[in-house]
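Starting from the two chains in their separate frames, assemble the complex, guided by the hints.
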Amino acid sequence: MATTTRTDNAALFAILSSLADNKQAVGRRYAYWCNGAPALEAAVAAAAMTQDELGHARTLYPLLDNFTQAEADPTQIEPETRTLNYALTYLDNDFSGWSDFVATNFLLDTALTTFFEAAQESSYEPLRQRARKIVHEERIHQMHGEGWVRRLANAGGAVRAALVASLQRLWDETLCWFGPNDDQTMQQLYQEGILDATPDELRSRYLQKIMPILNSLDIDVPVSFDAATKQWHVNAPLPWSSWEAVGRRLE
Amino acid sequence: MSTSEQTSDVQGTRSRREALNENRVWHVYARRKYDEPLHEIGNVMADDVELAKVYARSIYDEFSWIEMVIIPRETIVTVIES
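As you go down the protein sequences, you meet chains A and B in turn. Going letter by letter, the first sequence gives residues 47 to 297 in this note's numbering. Going letter by letter, the second sequence gives residues 206 to 287 in this note's numbering.
Hints are computed from structural coordinates only; laboratory data are not their basis. A few of these clues could be false.
Anything over 12 Å on all C-beta distances counts as not near chain A; from chain B, calculated [stated by the list, open to error]:
#1 E227
#2 Y234
#3 K238
#4 D240
#5 E241
#6 L243
#7 I246
#8 I271
#9 E272
#10 I276
#11 P277
#12 T280
#13 T283
#14 V284
#15 E286
Now the in silico label distances, taken between C-beta atoms and shown as ranges [unchecked claim]:
#16 A:P120 with B:E245: 48 to 56 Å
#17 B:V230 with A:R74: 30 to 38 Å
#18 B:V274 with A:E171: 34 to 42 Å
#19 A:D266 with B:P242: 47 to 55 Å
#20 A:K179 with B:E272: 20 to 28 Å
#21 B:E245 with A:K179: 25 to 33 Å
#22 B:E241 with A:D228: 56 to 64 Å
#23 A:W286 with B:E279: 49 to 57 Å
#24 A:T105 with B:R237: 22 to 30 Å
These figures come from a predicted structure and were not determined experimentally. C-beta: ideal position from N, C-alpha, C; glycine also.
So that you can see chain B by itself, here it is in the shape it has in the complex (with noise of 0.2 Å):
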């Protein structure tokens, strides 16, 4: 392989990872019983709602949980800056 196919090799998978690449950070929060609030539980990164809704169900798994939600980090409002 000649060095310019490398060049255009190493630059057509960065091109598809750059295409790829997730950019929405997703909050999940989730509770395990009624009288318990939802509390933040982690984050998945997807820039597709549906696959984050996916990625929150198959990742955080651990518990059967009774309720799950998920919120775009963008439309948190800092109140108080740490």
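So here's chain A without its partners, still in its complex pose (with noise of 0.2 Å):
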């Protein structure tokens, strides 16, 4: 019979966790966009993305067998059985229409992306492995979401002011998901090398990607631009007190 060494760490089990569940919720709902996008060209996108999502997350939940935390319950390790879902709040219903397929693309994803661009010097070699094939791949999800916010933006209208209302929807939770500063799962992440960046400095290069297609297009949101960094940052207060830690969430 094989022995299996299993790795104790809460603190990636953690995250593993939470980036495999979105991965897992974002791959369904863009799944339901497959044929239902403004174009053909656009479904046809939609149904690549879908699968790399969904093949992002059957790379993650394999880890999660690697560790001890998961002998508590094993049936929380299987997409199939898991009951806990830590993906985003805002994934839990259908989306009301294809502003928000773009605004998950655009916000979530890169956020994601974000987190495995930190990874990819990993000191847990599993996660370093997939997360630059990860970046790799997501690097078109990137194009196709920035040029679908610069479109429905520039189309003005209610297109415009649907695009906006579902940015706004996932605006703080997105920011969130990196968790306070002081959050200690991310926090042991980086004092153990397997992130290259505190929770803080994740934002801060989360938003040095998305501001500059946001303010090109004068879509308002509460981040102002330091003249003397060069920097752009948060300026309104996150929604901490509604943060659930564990499942990386807003409740």
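Below, the structure is given as structure tokens:
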């Protein structure tokens, strides 16, 4: 009988669970739009991105079995039997329209990619390997998200209004996903070299990626630009009182 | 729903659709080997060049291309008309 040596790391187990649940949920939400996108080309792209997201989830869930924390309830490490949900609350319900797809693609998917970029030199080899592949595949998702944000914003009227509403609904929860800067889980990963950034640094890297697009389109979000440091900063408090640290989601 | 509401709803749907209508056609060229030339494999419609690149990659993904380019239809100059 083969014996398995499991790693005891609650922080890494928690983050991998959240990443896998979010990828799985994003993939399932994207899947609804494989034949409902505004154009045939966009539908094919949605199908390709669905496959990618579900594929990322499929490479992350098996990692959970390598941890001592999986022994408490083995049913929670299989996506088919898992009852816990560490994906964003925003993903609990069907998208109300294409603008929700675009907001998820542009905001949430980019946030998760920011995490994987910070894990490309991870001290935890299985994450390092997966992070590099995911970052590579996500480049085209980012192009798609940015392209559609530009399209919907420039269309004006009700189309632009729907996009802005979708972005606003997802905004706080996406920024919260990185955790407060003293988040024990993320701080432990940073100290163990599993990640190369703290929550505040991850949030900052994320804002530098998305803000040039939002700013160029005059989409108003609670972020300001510091001319001295040439960095974007959140200028409104995030709703930490309703953020649930275990599930990394808003209640 | 009244007739006027239905009419405005139809107009709203139509204007949204028109607002998102893609007008630019891009011809997609690709090749699988270094010793073969680029050849046309299809086209995509997108007003945004970045979206056109995404669409070309996701629609024409049947082979591991070593090179793929897209060319806007309006830049093509006809020499001999068919």
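Consistency of beta-carbon spacing, R74 of chain A to V230 of chain B, with hint 30 to 38 Å: At roughly 33 Å between Cβ atoms, R74 of chain A and V230 of chain B fall inside 30 to 38 Å, so the hint holds.
Does I271 of chain B clear chain A by more than 12 Å, comparing its Cβ with all Cβ atoms of that chain? The claim holds: I271 of chain B sits with its nearest Cβ about 17 Å from chain A, beyond 12 Å.
Confirm or reject the statement that T283 of chain B sits farther than 12 Å, beta carbon to beta carbon, from all of chain A. About 25 Å separates T283 of chain B from the closest Cβ of chain A, which puts it past 12 Å; holds.
Can we confirm that no CB of chain A comes within 12 Å of the CB of K238 of chain B? Non-interface label stands for K238 of chain B: nearest chain A Cβ at 23 Å, farther than 12 Å.
Just checking, E241 of chain B versus chain A, shortest CB gap more than 12 Å? holds (25 Å)
Confirm or reject the statement that T280 of chain B sits farther than 12 Å, beta carbon to beta carbon, from all of chain A. Nearest chain A Cβ is 20 Å from T280 of chain B, so the label holds.
With 12 Å as the threshold, tell me whether E227 of chain B passes as away from chain A on beta-carbon distances. About 6 Å separates E227 of chain B from the closest Cβ of chain A, which leaves it inside 12 Å; violated.
Please verify that the nearest CB of chain A lies beyond 12 Å from P277 of chain B's CB. holds (15 Å)
Falls inside 49 to 57 Å, the C-beta gap from W286 of chain A to E279 of chain B? 52 Å Cβ-Cβ, so the 49 to 57 Å window holds.
Just tell me: holds or violated, for the beta carbon distance of P120 of chain A and E245 of chain B against 48 to 56 Å? holds (53 Å)
May I ask you to test the hint 56 to 64 Å on the CB atoms belonging to E241 of chain B and D228 of chain A? For E241 of chain B and D228 of chain A the Cβ distance comes to about 58 Å; the hint holds.
Are all C-beta atoms of chain A more than 12 Å from that of E272 of chain B? holds (16 Å)
Violated hints amount to a single one, hint 1; each of the other numbered hints is respected by the structure.
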